[in-house]
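Participant: Single-letter residue listing:
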Amino acid sequence: MASGVKPRVKAPKKAAAGETVTIKTLISHKMESGQRKDGDGNVIPRSIIHRFTCDFNGQNVIDVNMEAAISTNPYFQFEAMIPEAGDMVFTWYDDDGDVYSTTKSVAIG
Amino acid sequence: MEFSRRDTLVLGLGAAVATVLPLRAFAAADEAIATFTGGAEAGAGGITLTAPEIAENGNTVPIEVSAPGAVSIIVLAGGNPTPGVATFNFGPLAGDQSASTRIRLAGTQDVIAIAKMADGSFVKAASTVKVTIGGCGG
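So the sequence lines, in the order shown, correspond to chains A and B.
Going by this note's numbering, 84 is the number at position 84 of the first sequence; the sequence numbering is gapless.
Add 109 to the 1-based position in the second sequence for this note's numbering, that's all there is to it.
Heads up, some of the hints might be wrong.
[Claimed, not checked] In the EDC-like style, the derived pairs of lysine to aspartate or glutamate whose C-alpha atoms are separated by at most 20 Å in a straight line are:
| # | chain 1 | residue 1 | chain 2 | residue 2 |
| --- | --- | --- | --- | --- |
| 1 | B | K233 | B | E173 |
| 2 | A | K14 | A | D63 |
| 3 | A | K24 | A | D55 |
| 4 | A | K10 | B | D228 |
| 5 | A | K24 | A | D63 |
| 6 | A | K6 | A | D55 |
| 7 | A | K6 | A | E84 |
| 8 | A | K24 | B | E165 |
| 9 | A | K37 | A | D95 |
| 10 | A | K24 | B | E173 |
| 11 | A | K14 | B | E173 |
| 12 | A | K10 | A | E84 |
| 13 | A | K10 | A | D40 |
| 14 | A | K10 | B | D219 |
| 15 | A | K24 | A | D87 |
Quick caveat, the hints were computed from the structure, so don't treat them as lab data.
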């Protein structure tokens, strides 16, 4: 599923050095679990995002391995520590090999 | 209605299968726990799993896990066809060891969270969620 996947991230634009900030992420994805059947009784094959990572200036914040039990449009909320100004890179890995990525810059102030 | 020998056999077989099926699902969850902990016993305390008592829609059940000092947290749903839900690995820049997400639950069941602490020990928390409409389709 390469079409219609849109990552959305809510992160503060500014933070004090060493401050802990709340990050919210959402990506539109159907997350087909591989359990459902179509009208003819055939199992719809699994198609999910299986991994999500968040890095700040190359250092890892969180790395999530997902299974089929994660809901449609996977949502994550977590805390990140901001030691200095920099870029926060969010990456999602799809079962079909696609990688979706978005970046947010955080300034100190 | 009188039961013939054959009917009785079939009935018995059906009952046996019905009792074994949920057991097998739990065995899969136990296996996933053993893989994560490496067979170590999980203690209690130091981990919080927040989940609703009643979820009307099993397709999106909001949960939150928090375990200060954890390296990683695994979330399992023993009553699902596949028990694995997610594994959270916290990096050096994690503000605290907590995360929220939304999960699918097939039916009323215990959601289990196990955290691996920095010292290599494991702690476990479980929460029963009543599900009105299951979230696995089919």
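Participant: Next pair to validate is K14 of chain A with E173 of chain B; report whether the Cα-Cα distance is within 20 Å.
Facilitator: With a Cα-Cα distance of about 26 Å, the restraint between K14 of chain A and E173 of chain B is violated, given a limit of 20 Å.
Participant: Given the hinted pair K24 of chain A and D55 of chain A, is their Cα-Cα distance within 20 Å?
Facilitator: holds (14 Å)
Participant: Sort out whether D63 of chain A lies within 20 Å of K14 of chain A, counting only the CA atoms.
Facilitator: violated (23 Å)
Participant: Quick one, are K10 of chain A and D228 of chain B close enough, alpha carbons at most 20 Å?
Facilitator: Answer violated: K10 of chain A to D228 of chain B is near 33 Å, above 20 Å.
Participant: Taking only the CA atoms, is the gap from K24 of chain A to E173 of chain B under or equal to 20 Å?
Facilitator: holds (13 Å)
Participant: Between K37 of chain A and D95 of chain A, is the straight-line Cα distance small enough, at 20 Å or below?
Facilitator: Satisfied, since the Cα-Cα distance of roughly 19 Å is no more than 20 Å.
Participant: K233 of chain B and E173 of chain B were given as a pair; does the straight-line alpha-carbon distance stay at or below 20 Å?
Facilitator: holds (14 Å)
Participant: Starting from K10 of chain A, check that the Cα of D219 of chain B is at most 20 Å away, please.
Facilitator: Cα-Cα ~31 Å, so violated.
Participant: Hinted pair, alpha-carbon criterion (20 Å max): K10 of chain A, E84 of chain A. Please report holds or violated.
Facilitator: holds (18 Å)
Participant: Given the hinted pair K6 of chain A and E84 of chain A, is their Cα-Cα distance within 20 Å?
Facilitator: With Cα atoms ~28 Å apart, K6 of chain A and E84 of chain A exceed 20 Å; violated.
Participant: Going straight from one Cα to the other, do K24 of chain A and E165 of chain B come out at no more than 20 Å?
Facilitator: violated (24 Å)
Participant: Does D63 of chain A sit within 20 Å of K24 of chain A, going by the straight-line distance between their CA atoms?
Facilitator: holds (14 Å)
The structure fails to meet hints 2, 4, 7, 8, 11, 13, 14 from the earlier list, while all remaining hints are met.
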